[in-house]
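Which chain is which? The protein sequence lines are A and B, in order.
Residue numbering for the first sequence is 1 to 167, as defined by this note's numbering.
Residue numbering for the second sequence is 1 to 167, as defined by this note's numbering.
Warning: the hint list may mix true and false statements.
[As the list claims (entries may be wrong)] Listed below are the simulated BS3-like cross-link pairs for lysine-lysine, each with C-alpha atoms no more than 30 Å apart in a straight line:
hint: 1; chain 1: A; residue 1: K18; chain 2: B; residue 2: K156
hint: 2; chain 1: A; residue 1: K166; chain 2: B; residue 2: K149
hint: 3; chain 1: B; residue 1: K156; chain 2: A; residue 2: K142
hint: 4; chain 1: B; residue 1: K152; chain 2: A; residue 2: K166
hint: 5; chain 1: B; residue 1: K166; chain 2: A; residue 2: K18
hint: 6; chain 1: B; residue 1: K3; chain 2: A; residue 2: K156
hint: 7; chain 1: B; residue 1: K94; chain 2: A; residue 2: K29
hint: 8; chain 1: B; residue 1: K3; chain 2: A; residue 2: K32
The hints are simulated quantities; they were obtained by calculation from the structure and are not laboratory data.
Chain by chain, the residues:
2 protein chains.
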Amino acid sequence: MSKYIAVVAITIDGKIAKNSHHFSNWTCKEDKDFLHTILDTCETVLVGNSTYKMALKPLSKRNCIVLTRSFKLKNLPLLTYCNPAIESLKDTIKKNKYKKICVLGGTQIYSYCLEQNLINELYLTIEPLTFGPGLSLFETKKTSQWRLKSSKRLNKRGSVLLHYIKI
Amino acid sequence: MSKYIAVVAITIDGKIAKNSHHFSNWTCKEDKDFLHTILDTCETVLVGNSTYKMALKPLSKRNCIVLTRSFKLKNLPLLTYCNPAIESLKDTIKKNKYKKICVLGGTQIYSYCLEQNLINELYLTIEPLTFGPGLSLFETKKTSQWRLKSSKRLNKRGSVLLHYIKI
Chain A
1 MSKYIAVVAI TIDGKIAKNS HHFSNWTCKE DKDFLHTILD TCETVLVGNS TYKMALKPLS
61 KRNCIVLTRS FKLKNLPLLT YCNPAIESLK DTIKKNKYKK ICVLGGTQIY SYCLEQNLIN
121 ELYLTIEPLT FGPGLSLFET KKTSQWRLKS SKRLNKRGSV LLHYIKI
Chain B
1 MSKYIAVVAI TIDGKIAKNS HHFSNWTCKE DKDFLHTILD TCETVLVGNS TYKMALKPLS
61 KRNCIVLTRS FKLKNLPLLT YCNPAIESLK DTIKKNKYKK ICVLGGTQIY SYCLEQNLIN
121 ELYLTIEPLT FGPGLSLFET KKTSQWRLKS SKRLNKRGSV LLHYIKI
């Protein structure tokens with residue numbers, strides 16, 4: 001069975017970005033290092049169109065599935081589009097025999113995966129900032145239960161990495 | 001100088017409640033114990049009208065300042081109303097010689113205090129739940145910087161208490 005791992009950087013007040021054009025240049029070096037390490041252990045990255053376009057340079061070097069209702073926009077060697085209204089994401093994953101999938105956002109993708117029961121683990125880096133208004137992690141109208149597997153302080157300022165298992 | 005300490009229980013996805021009528025019955029025993037301990041060290045509790053009414057029984061036993069634009073609704077011995085449009089909250093605190101104030105929410109009160117530079121410390125208990133839509137911690141349209149002083153796992157399931165200092 002495939003394992004879906006959501007990786008998220010978030011502020012103290014639970015925001016993953018100020019808006020959909022806000023690039024994640026507010027995360028610490030240690031979080032970026034962790035992200036690269038976990039990406040290296042995954043066979044593919046699952047993202048939305050905005051996230052893919054925003055991080056085109058690093059993501060175009062990796063196997064990516066862009067979950068979108070739009071028509072295909074780019075034709076890149078490592079890029080697969082999946083329109084969940086037409087074909088099942090699970091089938092796309094199965095066809096490619098991916099065992100470990102990194103779910104990288106944004107809000108709609110995290111929410112879709114949570115709704116479809118396609119998040120098994122969640123790595124959450126809490127950066128010591130607050131944004132106020134912004135994008136939340138999930139839009140799913142359902143309370144979900146998790147268990148904390150481990151926590152780690154990443155640096156002196158106090159970025160914290162929490163690892164949760166979905167229960 | 002008075003010290004303002006915000007105490008918050010929040011979900012993994014950054015929500016302090018599902019809506020303004022949602023009572024905080026989803027927090028763990030260890031968080032409630034911590035809340036009582038910190039309340040005992042503070043001379044007054046600063047809340048909004050909804051939060052006060054929702055937790056009337058425990059809060060009516062403590063010195064409380066209800067920050068509100070409405071007319072006074074109740075006349076209770078330990079209760080003070082403060083309408084920040086008419087009198088300054090700082091003056092109310094000064095007049096009463098309060099040195100340590102516990103800021104207990106909800107969103108509007110946390111946001112008002114952050115805007116007015118009236119949060120010195122923040123205790124954040126992250127409960128291992130996600131709500132999806134709900135009330136955020138801050139509405140203030142300003143990025144604020146914090147430093148993590150300490151973190152503590154509260155129980156087996158993995159509620160985490162983070163203590164931040166505003167910088």
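We went through each hint and held it up to the structure:
A C-alpha spacing of about 33 Å is found between A/K18 and B/K156, which places the hinted pair above 30 Å, so the restraint is violated. The suggested pairing of A/K166 with B/K149 holds, with an alpha-carbon distance near 28 Å, which does not exceed 30 Å. The hinted pair formed by B/K156 and A/K142 meets the criterion: a straight-line CA distance of about 23 Å does not exceed 30 Å. Taking the CA atoms of B/K152 and A/K166, the gap is about 21 Å. The hint holds against a cut of 30 Å.
A distance of roughly 20 Å separates the Cα atoms of B/K166 and A/K18; the hinted pair therefore holds under the 30 Å criterion. The straight-line distance between the Cα atoms of B/K3 and A/K156 is roughly 24 Å, inside the 30 Å bound, and the hint therefore holds. This hinted pair does not check out: B/K94 and A/K29 have alpha carbons roughly 43 Å apart, beyond 30 Å. Pair hint B/K3 plus A/K32 does not hold up; C-alpha atoms about 35 Å apart against a cutoff of 30 Å.
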